[in-house]
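**Student:** Now for the letters of each chain:
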Amino acid sequence: MESRLLRVNLTTGELKSEAIPHQLFERWIGGSGINNWLMWEHFLTHDINCDPRGPDNIFVFGVGPLAGTGAGSGIKGRITFKSPCYGIFGDSAGGGKFPYMVRFSGYEYIAITGRAPKPVYLHICNEEAMLLDASHLWGKDTAETHALLQKEHGTWPSKTHTLTISQAGENQVGIAGVVSDALRIHARCGGGAVMGSKNLKAIAVQGNGGLPVARPKDMLSWSDDFRKKLDSNEAVYGFKRRGTLGAVEMYQHIGSHFWRNNQGNMFRGDEIRSDNWVKKYQKYSEVCSSDCFIACDSKYKIDGTESETAKKYIGETFRRPEYLTTGSAAGALDLRDWSEVAHWGKITNDYGIDNQDLSCSISFLMELKQRDLISDRDVAELFGHEQELRWGNMEDVEACVESVVFQKNTFGQLFRDGPYFGALKYSEIKGQNFMKYAMYGKGGASFTEEMRPFPTWMNNMAVASRGADHLKGIGLIEKFQRKDLSKKYFNGRTEAADLSTPLLKGACTALVENQVALLNSYGVCLFHWMLDPGGYTPQDYYGKAFAAITGIDRTPEELMRDGERICNLEKAINSRIGLRREHDTVCERWMWEPTEEGMYPGKVAADMFNTVLDEYYEWRGWEKDSGLQTRAKLTELGLDDVAEVLAQDRALA
Amino acid sequence: MITVHTQFHSHFREVAATARDSFELDEPLVSELAQRITDKYGAKMKALLIDPDTNELNERGTMFVDTKGRRISIEDTLNDGETITFLVGIAGG
Ligand code: SF4
Numbered sequence: 119m120e121s122r123l124l125r126v127n128l129t130t131g132e133l134k135s136e137a138i139p140h141q142l143f144e145r146w147i148g149g150s151g152i153n154n155w156l157m158w159e160h161f162l163t164h165d166i167n168c169d170p171r172g173p174d175n176i177f178v179f180g181v182g183p184l185a186g187t188g189a190g191s192g193i194k195g196r197i198t199f200k201s202p203c204y205g206i207f208g209d210s211a212g213g214g215k216f217p218y219m220v221r222f223s224g225y226e227y228i229a230i231t232g233r234a235p236k237p238v239y240l241h242i243c244n245e246e247a248m249l250l251d252a253s254h255l256w257g258k259d260t261a262e263t264h265a266l267l268q269k270e271h272g273t274w275p276s277k278t279h280t281l282t283i284s285q286a287g288e289n290q291v292g293i294a295g296v297v298s299d300a301l302r303i304h305a306r307c308g309g310g311a312v313m314g315s316k317n318l319k320a321i322a323v324q325g326n327g328g329l330p331v332a333r334p335k336d337m338l339s340w341s342d343d344f345r346k347k348l349d350s351n352e353a354v355y356g357f358k359r360r361g362t363l364g365a366v367e368m369y370q371h372i373g374s375h376f377w378r379n380n381q382g383n384m385f386r387g388d389e390i391r392s393d394n395w396v397k398k399y400q401k402y403s404e405v406c407s408s409d410c411f412i413a414c415d416s417k418y419k420i421d422g423t424e425s426e427t428a429k430k431y432i433g434e435t436f437r438r439p440e441y442l443t444t445g446s447a448a449g450a451l452d453l454r455d456w457s458e459v460a461h462w463g464k465i466t467n468d469y470g471i472d473n474q475d476l477s478c479s480i481s482f483l484m485e486l487k488q489r490d491l492i493s494d495r496d497v498a499e500l501f502g503h504e505q506e507l508r509w510g511n512m513e514d515v516e517a518c519v520e521s522v523v524f525q526k527n528t529f530g531q532l533f534r535d536g537p538y539f540g541a542l543k544y545s546e547i548k549g550q551n552f553m554k555y556a557m558y559g560k561g562g563a564s565f566t567e568e569m570r571p572f573p574t575w576m577n578n579m580a581v582a583s584r585g586a587d588h589l590k591g592i593g594l595i596e597k598f599q600r601k602d603l604s605k606k607y608f609n610g611r612t613e614a615a616d617l618s619t620p621l622l623k624g625a626c627t628a629l630v631e632n633q634v635a636l637l638n639s640y641g642v643c644l645f646h647w648m649l650d651p652g653g654y655t656p657q658d659y660y661g662k663a664f665a666a667i668t669g670i671d672r673t674p675e676e677l678m679r680d681g682e683r684i685c686n687l688e689k690a691i692n693s694r695i696g697l698r699r700e701h702d703t704v705c706e707r708w709m710w711e712p713t714e715e716g717m718y719p720g721k722v723a724a725d726m727f728n729t730v731l732d733e734y735y736e737w738r739g740w741e742k743d744s745g746l747q748t749r750a751k752l753t754e755l756g757l758d759d760v761a762e763v764l765a766q767d768r769a770l771a
Numbered sequence: 034m035i036t037v038h039t040q041f042h043s044h045f046r047e048v049a050a051t052a053r054d055s056f057e058l059d060e061p062l063v064s065e066l067a068q069r070i071t072d073k074y075g076a077k078m079k080a081l082l083i084d085p086d087t088n089e090l091n092e093r094g095t096m097f098v099d100t101k102g103r104r105i106s107i108e109d110t111l112n113d114g115e116t117i118t119f120l121v122g123i124a125g126g
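The listed protein sequences correspond, in order, to chains R and S.
Counting in this note's numbering, the first sequence tops out at residue 771, every number present.
Counting in this note's numbering, the second sequence tops out at residue 126, every number present.
One or more of the hints may lead you astray.
Output of the computed footprint for chain S on chain R, the stretches with three or more beta carbons under 8 Å from beta carbons of chain S [unchecked claim]:
hint : segment
1    : 346 to 354
2    : 438 to 446
3    : 521 to 532
4    : 589 to 597
5    : 635 to 648
6    : 681 to 691
A few chain S positions that, by computed beta-carbon distances, are all more than 10 Å from chain R [as the list claims (entries may be wrong)]:
hint : residue
7    : Phe45
8    : Glu47
9    : Arg53
10   : Glu60
11   : Leu62
12   : Glu65
13   : Gln68
14   : Asp72
15   : Lys73
16   : Pro85
17   : Asn91
18   : Glu92
19   : Thr110
20   : Leu120
21   : Ala124
EDC-like, lysine to aspartate or glutamate: derived pairs with alpha carbons at most 16 Å apart [as the list claims (entries may be wrong)]:
hint : chain 1 : residue 1 : chain 2 : residue 2
22   : S       : Lys101    : R       : Asp616
23   : R       : Lys358    : S       : Glu47
24   : R       : Lys397    : S       : Asp86
25   : R       : Lys601    : S       : Glu89
26   : R       : Lys346    : S       : Asp84
27   : R       : Lys601    : S       : Asp109
28   : R       : Lys347    : S       : Asp84
29   : R       : Lys347    : S       : Asp86
30   : R       : Lys236    : R       : Glu132
31   : R       : Lys398    : S       : Glu47
32   : R       : Lys346    : S       : Glu60
33   : R       : Lys429    : R       : Glu513
34   : S       : Lys101    : R       : Asp349
35   : S       : Lys77     : R       : Asp349
36   : R       : Lys601    : R       : Asp650
37   : R       : Lys601    : S       : Glu108
38   : R       : Lys134    : R       : Glu245
39   : S       : Lys79     : R       : Asp349
40   : R       : Lys430    : R       : Glu516
Read the hints as simulated data drawn from the structure, not as lab findings.
Note that the structure is predicted; figures quoted are calculated from it, not measured.
All residues carry an ideal CB built from backbone N, CA and C; glycine is no exception.
If we strip away everything but chain R, and leave its shape as in the complex, we get:
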């Protein structure tokens, strides 16, 4: 399999195309596995403790071997870098058409280092790559930048697809993301600030090449089977119509939302339900990329008849909000009309900024105001003028958003890296401890879902390599109480699906992290798997597609080992940066303040936190006291070279 990597040194302007050795796929599968390795290698010759906003950071884009092959499993591109907001390993996935177009151009990976002397963008057309002046794009948002690049580069030899940053990325706002085709954001960890710090405004790509498939017949028969299986499940049609919004009712029923900075866990009002969205806004479903047998995406256009509030947004069109867009808007900020939730989704996408960290920065401040912990005068000092901070008020929310994106004032500057660092700095300025109201997990990353009744999810918030996050080790077995899956993966034991015990919760995180690492390395969308995590197993079911495409035959056990190896490299990067057990933690409210509502009241993380964390380290084969990897585990995974580096850095148990 011939796969190519484009290396770009922005300082010198040098661009180099390299073949990726087949052994790299044998060891790292592809996608996020290879991205991680490129990052690891880079930091063997550059200081891993460098300023993430400096030229020594690396920005990798990669797309996995299944992407764009017709497998039907969706496509996600991945960006990987040292996070400027959390200071740790950072990565983020995104859909759209950009990822497969990178493959059609002849590349699968792009590794960008250095810093351009002036704003540039990278244009790739069928393996021809060049850096072009971006001064006319600087200062534009992601939608404008995408439109200009599409116009400039036209439709030959293919349409132009883009990865862009907005003014937030240019201003090196730590929580700025990178947007694929102006529609799909790689939101987490601050990739936009890394691009901005490198003076890289965008990547535009065109291509009409083919893709290598080692065993096309096997591939087609896998794909045929996959489609039939998806088609036989009516729940997939439900997901097509609602996407992740279908979760709103379930979260409301069990009390899993994040209301007003997680002072509660249920939405208020009757409007924010997926049924209302479908009635008012749903016209049709479509795919976000190509090569997806589900098609959960859709567009809306507001005509003003939907509600009084909607009249403010007549003519606005964008894509249907996802659950976390809704969780941050209707939950964290208490916006109660769908048009406002949709508008929040659009502005955070156009400004290319993470709605989790941004909403929790705003809700932190709103809660301080609600509790009279700060005065009108304090707020005026933060904003440079009088500013109201009302829950559920879109004007107030937009004032906060613009403060951060454009770094307009003290609030924007304090909270450029999200609520944790913002709260720390603000507490210091005021000489008061406000940390109780900052919502975050590992790295200071925030997340707008109720976590306290769900020990696996809570564990995810504490251990995810890229900072608090649900996707790395997503606790489907626990939240959906899938006893069948618990039995399948844990020798007939059911505790992983039982919310009342800490048992098997850390084990479940470790297991699912390995599985998700595989899926992310194949480069597929996670939703297909989530709709049948027992059937579409990454190691068995997807493993067959991986073999058909790459010609690499692996047993399910070997693939699970591959997933574990990928997770261990992410861990090793963080250990080199200095992370230890004490960094695997969550905020005060989650740890100590009981939930007061929902189906599982009275829960705090502290009930099970350390037991679950201990079990996680045990299942990982890491040392419990320090949280560090052991040489024995790394040797078992074929990572002696990694162990050597960790030993030199005193980051091995």
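Please arrange chain S with the ligand on chain R, whose structure you already have, making use of the hints.
**Tutor:** Just chain S with the ligand now, kept in the frame of chain R:
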């Protein structure tokens, strides 16, 4: 004979075209409830509620809970007056 109430949300509500229903069951079994629901609401509901490979409740992308928030399975028994809520089970985004 017992009475069991049902609440339908998201796609379940769309397929059933109602938010609530009640069923009188001869046997206090989830299997009988599932049968009665699919009899009443037809093929689409059956495709949503029953896994054709196992003939058990469809676990893929769904969530069915009792009033205490516990997921129910096909072999479970039901109490008189119990409410079972049918939800979509998806996360992420
Ligand atoms: S399931 Fe949805 S998010 Fe995933 S690839 Fe398909 S359209 Fe995109």
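**Student:** Take the C-alpha atoms of Lys236/R and Glu132/R, compute the straight-line distance between them, and say whether it is at most 16 Å.
**Tutor:** 15 Å, holds
**Student:** Can the restraint linking Lys347/R and Asp84/S be considered satisfied, given a maximum Cα separation of 16 Å?
**Tutor:** 11 Å, holds
**Student:** Run the distance test for Lys601/R versus Glu89/S: straight-line Cα separation, threshold 16 Å.
**Tutor:** This hinted pair holds, its Cα atoms lying about 13 Å apart.
**Student:** Mind taking a look at whether chain S covers the segment 346 to 354 of chain R? Criterion is 3 or more residues with CB to CB distance under 8 Å.
**Tutor:** With 5 residues closer than 8 Å to chain S, the segment 346 to 354 of chain R meets the three-residue bar; holds.
**Student:** Would you mind confirming whether the straight-line C-alpha gap from Lys346/R to Asp84/S stays at or under 16 Å?
**Tutor:** Measuring from Cα to Cα gives roughly 14 Å; hence the hint holds.
**Student:** Regarding the assertion that Arg53/S does not contact chain R, is the least Cβ-Cβ distance greater than 10 Å?
**Tutor:** At roughly 13 Å from the nearest Cβ of chain R, Arg53/S sits farther out than 10 Å, so the non-interface label holds.
**Student:** Do the alpha carbons of Lys601/R and Asp650/R lie within 16 Å of each other, as the hint requires?
**Tutor:** Holds - the C-alpha atoms of Asp650/R and Lys601/R are around 14 Å apart, at most 16 Å.
**Student:** Would the pair Lys79/S and Asp349/R pass a check requiring their Cα atoms to be no farther apart than 16 Å?
**Tutor:** Since the Cα atoms of Lys79/S and Asp349/R sit roughly 14 Å apart, the hinted pair holds (cutoff 16 Å).
**Student:** Taking the closest pair, is the beta carbon of Glu65/S still more than 10 Å from chain R?
**Tutor:** 21 Å, holds
**Student:** Would Asn91/S pass as off the interface with chain R, using Cβ distances and a cut of 10 Å?
**Tutor:** At about 7 Å from chain R, Asn91/S fails to clear the 10 Å cut-off, so the statement is violated.
**Student:** Tell me if the straight-line CA distance from Lys430/R to Glu516/R falls inside 16 Å.
**Tutor:** 14 Å, holds
**Student:** Between the segment 521 to 532 of chain R and chain S, are there enough contacts, at least three residues with CB-CB distance under 8 Å, for the coverage claim to hold?
**Tutor:** Since 0 is below three, the answer is violated.
Checked against the numbered hints given earlier, the structure breaks hints 3, 6, 7, 8, 16, 17, 18, 20, 21, 24, 32 and 34 and satisfies all the rest.
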